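A.B. asks: In case you want the letters, here they are:
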Amino acid sequence: MSVLVYTESWEGNFRKSTYEAVSYASETAKLLGTDVIAIAFGNESDHELKTLGNYGANKVLAASGVEKGDSKTATHLFTTNTSDANIIIFANTYTSKMIAPRLAAKLKAGIASNVITVPSSTSPIQIKRKSFSSKALEDITINTEQAIIILAPNAFGLVESGNDCKIEKIKVNSNASVTINGQEVASGKISLAEAEIIVSAGRGLKGPENWKMIEELADLLGAATACSKPVSDIGWRPHGEHVGQTGKAVAPNLYIAVGISGAIQHLAGVNSSKIMVAINTDPEAPFFKAADYGIVGDAFEVVPKLIEEIKKLK
Amino acid sequence: MNIVVCISSVPDTTAKINFTDNGKEFDADGVQFVINPYDEFGLTKAMMLKEKNGGKVTIITVGDATVEPVMRKALAIGADEAIRINISAKDSYSTATKLANYLNDNPADLIITGKESSDYNGGAVGGMLAEMLDLPFINACNGLDISENTAKITREIDGGKENISANLPFVIGGQKGLVQESELRIPNMRGIMQARTKPLQVVESSNNENLTTSISFEKPEKKGACKLVDADNVAELVSLLHNEAKVI
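Sequence order for the protein chains is A and B.
So the first sequence is numbered by numbering that gives the first Met the number 0: it starts at 0 and just counts up by one.
So the second sequence is numbered by numbering that gives the first Met the number 0: it starts at 0 and just counts up by one.
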């Protein structure tokens with residue numbers, strides 16, 4: 000018996016979502032009275048691998064020979080090391096969502112994604128997940144002996160437990176069926192998936208030249224920048240910044256929406272944020288119904304003041 | 000080139016989501032159904048690839064007869080033919096199994112799914128299907144160019160993108176970027192008329208095996224009222240975010 004957890008690193012460091020997944024795995028393993036084994040295949044340093052213990056990993060299997068985008072070899076790596084795993088936990092990343100379903104089909108294990116709670120029962124596994132683009136929550140059971148769980152982003156938090164984990168190195172023979180030619184890093188910004196604060200703006204800003212104050216506010220807060228769908232459609236901002244139902248779904252601790260009316264499709268992508276702030280000239284803007292805090296006012300007056308006040312705070 | 004696009008029929012993105020029977024069933028009453036937005040990017044890409052390279056675009060849906068209006072819309076956009084597997088799938092495994100059974104017997108050069116459906120958001124069918132067919136799978140695909148038998152693909156990764164080459168056949172999980180929003184096609188009258196007579200084949204199926212069971216749905220708790228701060232008192236907002244919400 001064991002709980003297995005998928006890990007993912009970026010430029011040598013584990014993602015925050017990985018530590019979250021390990022924390023979740025650790026809580027789940029307690030329910031089952033078993034250990035957490037983390038699987039790493041990003042050639043991380045031993046020092047980095049050890050950090051998984053801080054969040055509850057008992058053992059790390061560090062595999063070499065798997066390229067990140069190679070879902071076939073990664074699936075093979077998991078299949079050959081999961082025979083005694085009850086539950087396999089994945090953080091919510093683009094790559095994990097490529098590997099987890101393959102593994103589910105291979106093992107014929109039930110899979111649940113967007114999961115927001117630890118199992119409320121373990122036989123069968125019952126969990127709560129987000130559904131209908133976060134407009135609903137669903138209780139589901141996984142009926143197979145092995146269960147695969149993909150967490151919702153930023154839904155569980157980090158729990159430190161300070162295990163001294165063992166590291167075991169393994170070598171995998173690649174059976175890649177695609178060729179990875181390289182990765183391009185989005186230019187020096189905080190990724191939306193990992194951001195704890197997001198500053199987002201919409202058509203209310205009137206033109207792409209007015210984003211300087213949004214970027215300044217974001218820099219000040221250590222935040223990522225985002226935008227509404229119309230703004231990315233007209234090309235004021237890159238598509239990668241579009242949050243909403245057909246763009247990215249995000250779940251930061253703080254989402255600041257400037258000049259975004261709050262159409263239902265936009266809210267569907269952001270309503271998992273812990274705290275939402277709306278700044279809009281229109282007091283009837285639907286965003287005020289969803290937001291925790293709001294200012295009815297002109298972005299061009301409010302945002303510079305906000306920057307001043309936050310500078311005072313820091 | 001023989002392209003298959005897997006289409007899911009989902010509530011319109013503006014639809015209010017409700018449940019009946021103590022949260023057990025989705026309340027479809029008065030809800031407009033549309034092509035899953037992620038599938039629509041894929042369908043449009045399939046049309047463009049066909050126009051460039053020649054071939055045929057087939058759409059395939061797992062579902063009962065209520066999904067046919069959405070399938071007709073996909074035909075009106077330009078798909079050549081449609082297959083409906085006549086079963087109400089219970090989870091992503093049951094959907095993927097049905098698709099795999101059909102595609103094993105009727106192989107395609109390229110299989111396009113959406114990265115997820117906008118209703119249940121499982122995001123598992125594409126990857127499962129690829130495994131069942133023993134094909135490569137590229138998820139969150141936001142760029143695809145095919146010439147002859149090889150493809151140049153980009154997929155989104157957290158913090159950037161990845162460039163991949165692969166030989167046909169393979170499965171992708173599509174999303175925006177595969178085509179731009181402005182390239183999506185609205186069916187014209189000619190397309191709608193033609194769609195009525197295009198073949199929509201119903202394939203019967205049995206053995207609907209599922210690995211997960213949906214117990215019930217609930218709506219998330221409503222948030223408390225929005226605290227409005229005067230535009231002349233931005234300092235108060237900063238104070239609330241710092242001291243009350245503790246997020247900055």
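Keep in mind that the hints were calculated from the coordinates and are not lab data.
Among the clues, some could well be false.
Unchecked claim - Computed Cβ-Cβ distance ranges for the label pairs, DEER-style: (1) A:311 <-> B:209: 48 to 58 Å; (2) A:173 <-> B:68: 26 to 36 Å; (3) A:202 <-> B:149: 33 to 43 Å; (4) B:231 <-> A:45: 48 to 58 Å; (5) A:273 <-> B:11: 22 to 32 Å; (6) A:178 <-> B:231: 34 to 44 Å; (7) B:214 <-> A:252: 24 to 34 Å; (8) A:158 <-> B:232: 30 to 40 Å.
A quick note: this is a predicted structure, and the numbers were derived from the prediction, not measured.
Quick reminder that beta carbons are idealized off the backbone N, C-alpha and C, glycines included.
A.B. asks: A separate judgement is required for each hint: does it hold in the structure or not?
C.D. replies: Status of each hint after checking the structure:
no., hint, result
1, A:311 <-> B:209: 48 to 58 Å, "57 Å, holds"
2, A:173 <-> B:68: 26 to 36 Å, "45 Å, violated"
3, A:202 <-> B:149: 33 to 43 Å, "41 Å, holds"
4, B:231 <-> A:45: 48 to 58 Å, "56 Å, holds"
5, A:273 <-> B:11: 22 to 32 Å, "28 Å, holds"
6, A:178 <-> B:231: 34 to 44 Å, "59 Å, violated"
7, B:214 <-> A:252: 24 to 34 Å, "30 Å, holds"
8, A:158 <-> B:232: 30 to 40 Å, "38 Å, holds"
In this structure, the hints that do not hold are numbers 2 and 6, in rising order.
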